[in-house]
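Chemist: Top to bottom, those sequences are chains W and U.
Just so we're aligned: the first sequence equals residues 2 to 367 in this note's numbering.
Just so we're aligned: the second sequence equals residues 4 to 276 in this note's numbering.
Worth flagging that the hints you see were computed from the coordinates, not collected in a lab.
Glycine included, every Cβ here is placed at the ideal spot set by N, Cα and C.
Wrong hints could be hidden among the right ones.
[Stated by the list, open to error] Just the calculated beta-carbon pair ranges, DEER-fashion:
id, chain 1, residue 1, chain 2, residue 2, range
1, W, Arg134, U, Arg100, 53 to 61 Å
2, W, Gln172, U, Ile249, 55 to 63 Å
3, W, Gly167, U, Val256, 51 to 59 Å
4, U, Pro160, W, Glu180, 55 to 63 Å
[What the hints assert, rightly or not] Non-contacting residues of chain W with respect to chain U, defined by C-beta distances greater than 12 Å in every case (computed):
id, residue
5, Gly56
6, Arg229
7, Gly254
8, Glu297
[Stated by the list, open to error] Among the chain U residues that face chain W by a calculated CB cut under 8 Å, a handful are:
id, residue
9, Glu171
10, Ala172
11, Thr188
12, Ile228
What follows is the residue order along each chain.
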Amino acid sequence: MSRESAFISIQNVEKYFGSFRAIDNVSMDIGHGEFFSLLGASGCGKTTLLRMLAGFENPSSGEIFIDGQPMSEVPPHMRPVNMVFQSYAIFPHLNVRDNIAYGLRKQKLPKAKRNEMVDEMLELIKLPDYGDRKANELSGGQRQRIALARALILRPKVLLLDEPLGALDKQLREQMQLELRQLQRTVGITFVFVTHDQEEALTLSDRIAVMAQGRVLQLDSPSGLYERPKSRDVASFIGTMNFFEGRVKQANGTGITVEAQGLGQVTVPASEGNWAKGDTVHLAMRPEKLALSDEEPETGMGRARGTLQNAAYLGERSHYFVKLDGLESPVAVSAQNRFDGELLASEGGDVWLSWRDSAAVILPAS
Amino acid sequence: MRVESYIRKPNRPLQLYAVIFLIVLYVPVLFLPLFSFNDSLYVRFPLEGFTTRWYIDLFQRDAVWNALWNSVRVGASVAVISTIFGIFAAKAITRYRLPGKGPIVSFIMLPLVVPLIIFGVALLVLLSQLGVPLSLYTVAIGHLIICLPFSIAVLIPRFEGFDASIEEASADLGENAWWTFWRVTLPMVGPGVLSSLMLTFTVSFDEFILAFFLTGTQPTLPMYIWGQLRFPQEFPSVLALSSLIIVTSFIIVFLGQWINSGATFAANKEKKA
Chain W
2 MSRESAFISI QNVEKYFGSF RAIDNVSMDI GHGEFFSLLG ASGCGKTTLL
52 RMLAGFENPS SGEIFIDGQP MSEVPPHMRP VNMVFQSYAI FPHLNVRDNI
102 AYGLRKQKLP KAKRNEMVDE MLELIKLPDY GDRKANELSG GQRQRIALAR
152 ALILRPKVLL LDEPLGALDK QLREQMQLEL RQLQRTVGIT FVFVTHDQEE
202 ALTLSDRIAV MAQGRVLQLD SPSGLYERPK SRDVASFIGT MNFFEGRVKQ
252 ANGTGITVEA QGLGQVTVPA SEGNWAKGDT VHLAMRPEKL ALSDEEPETG
302 MGRARGTLQN AAYLGERSHY FVKLDGLESP VAVSAQNRFD GELLASEGGD
352 VWLSWRDSAA VILPAS
Chain U
4 MRVESYIRKP NRPLQLYAVI FLIVLYVPVL FLPLFSFNDS LYVRFPLEGF
54 TTRWYIDLFQ RDAVWNALWN SVRVGASVAV ISTIFGIFAA KAITRYRLPG
104 KGPIVSFIML PLVVPLIIFG VALLVLLSQL GVPLSLYTVA IGHLIICLPF
154 SIAVLIPRFE GFDASIEEAS ADLGENAWWT FWRVTLPMVG PGVLSSLMLT
204 FTVSFDEFIL AFFLTGTQPT LPMYIWGQLR FPQEFPSVLA LSSLIIVTSF
254 IIVFLGQWIN SGATFAANKE KKA
């Protein structure tokens, strides 16, 4: 994304709390109407970054631009952003209606117009009959929607969401994910979404910035992050990944051949990056990119022979762990449980692992 | 048979202790109303018959009404001023990262434990050095010093009881500091404010030692009572007056506590939901 089309531009931002560096030279651009996620474990700096967008924290150095305007001199109540707090921060002394209309005071609207806008919002969040309820009579999911409505009624340029689904149970969370995505498409506002839940980030986002220790490890689309992680940290944070230590044997225009522990020689497409002969690397493969069979697979596939250590049946899929010679930890394989291609081998039996060339990713050895 | 954990088991000695504690605390106080209805000048058993004449006598004295009015004026002003200061102090203590917060808080709370006679003497010395004549104003200044810690002590839990992100949400929705305080903070700490007003009023209303040092020509109610003690024939009226003060103070303090705890309960219920 080019600088010009960036709607939010974070440029060389650092943040210190005392001597602790919460944000370490972060730069990124977020486009207009994008659903953008900041993903990372707790303490990685994602919430700090969000709070800096809202104006509750100021960068120690660097600058944040929203819609072309530098934000460092703009206090929170003057910024064109609104936030949905992790705790929702619903005003407990006001009813739902007054909560949603809270930010409208300054617009000095006639009462009828105000009511109309609130009704519209109540309709949008699918709580049309809840206007007169007190905040403490609402469930977690309902509060979350009120918090959304309260922010969206002001038509912000950016909506900031701080783990808004974290407090909900699994079923409600999945439902809210869908609704959130749909809502974002309807209103067309830029969403910046903070979460530690990688699945949630993958489901919702247009792009994701994976953060750790105040830095951005990788900024990419969900499939980019999953299929082509740039580092071992990203690869293991998102989903499950098998890693094989290895060394580049040959690299040319047609492909890169890696001698990987346990797998033997694996050749991947040349587009996998610039590697030279002799580089120590990690070869990474997702469990579902590996196939398991009782008999030797057809030619044209990479293959390795191993022992089935254990198998876990999970309903729609099974997880297998296969021990390969020369590898300490077993290789994880995930397979759909279809009626054909059932695996006959029992635990302790011999099996074949196979994969396509494009299944493997080469990562720098850290 | 069910064996109950000692944590839940009713503890007889502890119950007995509680009862004795309450008796020691309040029985002496109960003698005041008892003898205030006694038809005799002298405080002694046996009681000689029921009368309300000491009360009626009380209501007919202008001096009582003047002293009462003085105390109410001082009490109300002190309550309002110390509660306003208390709100700001409690907000600062709970919301901002202050260097040396711990020592500052203990320092503010110190008047609760320093003997009042020391404050009384110190203020008297200071005021006479400055040439300030003693009046109800000087009494109020003295009372402010002892009421502020009470106010802060009541208000700090109210501020701690609600999530700071609620104030942030208000800022985020476009309100500046003043409007956030008016629309969110004050309603949230409202019960604490009411409770603080009541408590500080009571403290000031009942206070004697500082008033003793700092009163000018207009006595507060406790000062009036003190003055009356010299006249034996006035003693039953003093008992009547004291009884009224005790009852009123009890009502105000309990009301304040009840409002505050009711709100705390509601806040907790809301947190759980």
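Chemist: Give a verdict on every hint.
Modeler: Do the hints match the structure? See the list:
The hinted window of 53 to 61 Å between Arg134/W and Arg100/U is violated, with their beta carbons roughly 36 Å apart. Taken as a hint, the range 55 to 63 Å holds for the pair Gln172/W and Ile249/U, whose Cβ atoms sit roughly 59 Å apart. For the hinted restraint 51 to 59 Å between Gly167/W and Val256/U, the CB-CB distance of approximately 42 Å leaves it violated. For the hinted restraint 55 to 63 Å between Pro160/U and Glu180/W, the CB-CB distance of approximately 38 Å leaves it violated.
Not every CB of chain U is more than 12 Å from the CB of Gly56/W (nearest about 8 Å), against its label as outside the interface. Even its closest Cβ contact with chain U, about 37 Å, leaves Arg229/W beyond 12 Å, as expected for a residue assigned away from the interface. The Cβ of Gly254/W lies farther than 12 Å from every Cβ of chain U, with a closest approach of about 54 Å, so its non-interface assignment holds. Distance check for Glu297/W against chain U: the nearest CB is about 60 Å away, which clears 12 Å, and the non-interface claim stands.
Proximity of Glu171/U to chain W holds as hinted, the smallest CB-CB distance being about 6 Å (cut-off 8 Å). With its C-beta approaching chain W no nearer than about 4 Å, Ala172/U sits inside the 8 Å limit, and its interface hint holds. Checking Thr188/U against chain W by beta carbon gives a least distance of about 11 Å; that is not within 8 Å, so the hint is violated. Taking 8 Å as the C-beta cut-off, the interface hint given for Ile228/U is violated, the closest approach to chain W being about 42 Å.
In the structure shown, a violation is registered for the earlier hints numbered 1, 3, 4, 5, 11, 12, in ascending order.
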